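*Asks:* Sequence:
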Amino acid sequence: MKIVTWNINGVRARIGNLTHWLTESAPDIVCLQEIKSVDEQFPRAEVEALGYNVETHGQKGFNGVALLSKLRFDEVIKGLPGDDEDEQARFIEGVFSTDRGALRVASLYLPNGNPIDDQKKFSYKLSWMARLERWAQERLRLEEALVLAGDYNVIPEAADARFPENWLRDALFQPQTRQAFRRLKNLGFTEAVRAVTDSSDVYTFWDYQAGAWQKNNGIRIDHLLLSPEAANRFSSASVEKHVRAWEKPSDHVPVAIELALQPA
1 MKIVTWNING VRARIGNLTH WLTESAPDIV CLQEIKSVDE QFPRAEVEAL GYNVETHGQK
61 GFNGVALLSK LRFDEVIKGL PGDDEDEQAR FIEGVFSTDR GALRVASLYL PNGNPIDDQK
121 KFSYKLSWMA RLERWAQERL RLEEALVLAG DYNVIPEAAD ARFPENWLRD ALFQPQTRQA
181 FRRLKNLGFT EAVRAVTDSS DVYTFWDYQA GAWQKNNGIR IDHLLLSPEA ANRFSSASVE
241 KHVRAWEKPS DHVPVAIELA LQPA
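Okay, so the sequence shown: first residue is 1 according to UniProt numbering, each after it adds one.
What the hints contain is simulated information worked out from the structure, not anything from laboratory work.
Only pairs whose alpha carbons sit at most 35 Å apart, straight line, appear in this in silico DSBU-like list of lysine-lysine:
hint : residue 1 : residue 2
1    : Lys121    : Lys78
2    : Lys60     : Lys241
3    : Lys2      : Lys215
4    : Lys215    : Lys248
5    : Lys185    : Lys215
6    : Lys60     : Lys2
7    : Lys241    : Lys120
8    : Lys36     : Lys185
Restraint ranges, calculated between C-beta atoms of paired labels, are given here:
hint : residue 1 : residue 2 : range
9    : Ala195    : Leu142    : 18 to 24 Å
10   : Asp207    : Gln176    : 20 to 26 Å
11   : Asp201    : Lys78     : 32 to 38 Å
12   : Ser236    : Glu165    : 28 to 34 Å
Note that this is a predicted model, so its numbers are computed, not measured.
From the three backbone atoms N, C-alpha and C, an ideal C-beta is built for every residue, glycine too.
Take the sequences, apply the hints, and build the full model.
*Replies:* Right, dumping it as structure tokens:
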């Protein structure tokens with residue numbers, strides 16, 4: 001089973017790229033972030049025509065996440081619990097039936113947190129990560145195959161940036177941010193890409209500015225974390241870097257994993 005995360009950076013603006021990629025890559029489950037669309041305006045018909053079920057948690061103009069799946073949804077939960085006043089659409093989870101039991105997949109779009117001098121924005125990022133950690137603790141107790149996928153807006157290590165010195169004052173690379181990500185992983189998750197490669201030139205994001213793509217000035221901020229039950233079925237991970245060279249690209253590219261699971 002192929003599961004992919006992709007920050008699409010505006011689904012309506014890139015619906016042509018999305019449908020072309022779905023046909024080319026043929027994922028079973030897709031976690032989209034930054035769809036920048038309310039639920040009613042998501043281009044559902046074009047995606048459903050390719051054989052996908054669609055669930056969205058949208059927001060006008062920014063944020064927004066979605067799950068696309070060839071499998072039928074058994075359950076869908078929208079929003080990260082822990083703060084009833086948080087109106088930002090950044091989290092959606094779906095449950096599916098497989099030959100090995102339940103598979104739970106979450107698509108998340110973690111807050112950027114910049115500028116770090118704006119304590120409201122940076123503290124929101126850290127509090128959101130703390131809520132995510134509490135949520136993950138609860139979900140891990142279910143002992144299900146769990147994939148926690150998305151744009152984390154976290155550069156975990158210096159090797160995950162072409163020029164780490166350029167990110168020292170950025171919320172994505174602050175010690176508190178990286179520590180929070182490590183705490184999450186240390187609950188028992190396997191970080192899929194780093195499970196297959198230690199290479200220092202694996203990136204998932206290239207800014208639109210200053211020729212970052214042409215210079216390969218990238219960072220790795222899109223991650224898939226696997227529970228022990230998912231890690232036991234894990235077979236491969238890859239970054240579909242070529243998508244960044246398409247016309248009107250997102251500044252992120254899809255990151256894919258393969259799990260030895262079959263629909264029930």
